[in-house]
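Next come the chains, spelled out residue by residue.
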Amino acid sequence: METLMAFTVGGLFAAAIYMMLRRSIVKLVIGLVLLSNAANLLLFTQAGLLRGAPPLVPEGAMQPAGIVADPLAQALILTAIVIGFGVLAFAVVLIHRAYEVVQADDMDQMKDTDT
Amino acid sequence: MRLEVALPVIIPLFFGALTLILWRWRLAQRITTVIGTGLMLLSALWLLSATWQDGILVMHMGNWHAPFGIVLVSDLLGAIMVVLAGISGFATAVYSLTAMTKRHEAFGYYPLLHLLLAGVNGAFLTGDIFNLYVWFEVMLVASFALLILGGERAQMEGAIKYVTLNLVSSALFLSAIGLLYGLTGTLNMADIADKLSYADNPGIITVIAMLFLVSFGIKAGAFPFFFWLPASYHTPQVAVSALFAALLTKVGVYALFRVFTLIFTQDVDYTHEILLWVAAATMLTGVLGAAAQFEFRRILSFHIISQIGYMIMGLALFTPLAIVGGVFYIMHHIIVKANLFLVSGLVYRLKGTYELKELGGMYRSHPMLAILFLIPALSLAGIPPLSGFFAKFILIRAGVEAEAWWIVGVALLVGLLTLYSMIKIWAEVFWKAQPEEYANRPVHGSAGSGVLYLTIGGMAALTVFIGLGAEPIYQIADAAAHQLLNPSLYIDAVLGER
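For the protein sequence lines, the chains are E and B, in the order given. For the first sequence, position 93 (counting from the first letter as 1) is numbered 83 according to the numbering used here, and the numbering increases by one without interruption. For the second sequence, position 140 (counting from the first letter as 1) is numbered 159 according to the numbering used here, and the numbering increases by one without interruption.
Wrong hints could be hidden among the right ones.
Unchecked claim - Derived list of chain E stretches under chain B, where covered just means 3 residues or more per stretch with a C-beta under 8 Å from a C-beta of chain B:
| id | region |
| --- | --- |
| 1 | 27 to 33 |
| 2 | 64 to 77 |
| 3 | 84 to 96 |
Stated by the list, open to error - Just the calculated beta-carbon pair ranges, DEER-fashion:
| id | chain 1 | residue 1 | chain 2 | residue 2 | range |
| --- | --- | --- | --- | --- | --- |
| 4 | B | W65 | E | E90 | 45 to 53 Å |
| 5 | E | L39 | B | E124 | 49 to 57 Å |
| 6 | E | L39 | B | I29 | 35 to 43 Å |
| 7 | B | P491 | E | A94 | 53 to 61 Å |
| 8 | E | Q93 | B | E314 | 19 to 27 Å |
| 9 | B | Y217 | E | L39 | 21 to 29 Å |
| 10 | E | A65 | B | M387 | 49 to 57 Å |
| 11 | E | P48 | B | R43 | 49 to 57 Å |
Keep in mind that the hints were calculated from the coordinates and are not lab data. Note that the Cβ used here is the ideal one computed from N, Cα and C, for glycine as well.
Extracted from the complex, chain E is given alone in its bound form (with noise of 0.2 Å):
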């Protein structure tokens, strides 16, 4: 299971490095929804994969029964789910209001604030 999350993220990471060096600035943020969700997936896959291992402690013990999910990780995910959603919508937001402003979806006509 490991190996095949592991060829997942990569390929996420890909594809998401691929969509962000076109020109378009729609697929260069698509690139980044896959990117963040490619980062996501490897901080799950690192903690280890478990089945049916829910991380609860039984009454009256002092520690989980058994080889149990790490529950931490999972809180990560889920803090790094909720910016990378809200940095997002506001990338989505900005390309939208560049477009407005540039009148063209194209990065090589945003060049004038390069040297």
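Use these hints to put chain B onto chain E, whose structure you have.
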């Protein structure tokens, strides 16, 4: 439980909320912002003096003890950075009293300013690597919105580059955190450092270290990741530019200092050698880029990059004196660079342009401003007895002692080229006569510029003070470097005696 560790984060968050409540009352927003940033500066000074007296201070959030809960840690480097954030935040708030127009203030300038400062301070004080990511994002979201405040075309174009590269950096940072967590099973920086000192697979640690280097390198504007900086920093309102120039890249530099002194010290020969090359390339490309520019704020933006190179050089040499030099350089740079941007804003206000070729004659018409420009400009170039001289002197001396001759040569050459750029601005803006065809353009005039002079003068006075009183500043930097080079102090303070 030390309250002062949390105050520099709580105060800007509180005042950010307050200015949101006062959304419709501009005057009240302005007053609360000046009070809020002033209080933040005071709390930062309190934190620095407490850290100076009592050593590294730790606050366990929610009383969950490390390594399980999130800790706020104030060592001397963090406390110094918070004080610098306080100074530049306060200066920006005062400067904004006249520099900001109604159009910008109406769209939430003040709440965003506080949010940005909260993010910056949080990043300086947190002792948890994932929490560092969260503070980075708080800071970034606020900076995104500040960058496009006003909605000009150049701002949109600059913002797209800025947002994209910073999001790439964040994704890499998150991936690196994931790998580090998979390796050590902890997120507390002290605990990570402790666990990695027993690790027996240095290869993967070096890979993670390089991921951190790329991620923080993008945020710091280091070579070869700096392209977003000169494309965006000259586009927003000048008060925003000044704050960005002072703080945002320095958060990246701070993070580099933190992880490459505390966590990744297993393979110093390899990682810090790469840092040294990065430092040299950053210095050179920054200063050469500036030499080709003829717009006030673009020149200054490129100089941020070259100065970042000096700070990374201090980290990369990794001798006690070099780290002292790096810390001293950060202190000097934040004040000087913010001030230069503030001067450029005042020039724009008086003349209506940032283009060097359209400016001129300012020495004759505004001799006071000319002097106030010359102080930070010469300090940036490293002319004694100003602050930049001592910062460069310590670094170059450290380089000579480490017998890293080529980096010393690069640093000296870049100092010379910095002087060239500053003299170029001086000659074009202040010395030569203004070309006739640009002389009569409608401008704001000098109404209300007293506050601006006050801010610029105050920052220039600080520059002179750091230069003339270099000894106490040196001692603080020295103590900060001592803590950085002895990670066990940090680890013991956070995890307790084991």
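> Which of the numbered hints above does this structure break?
Replying inline: none
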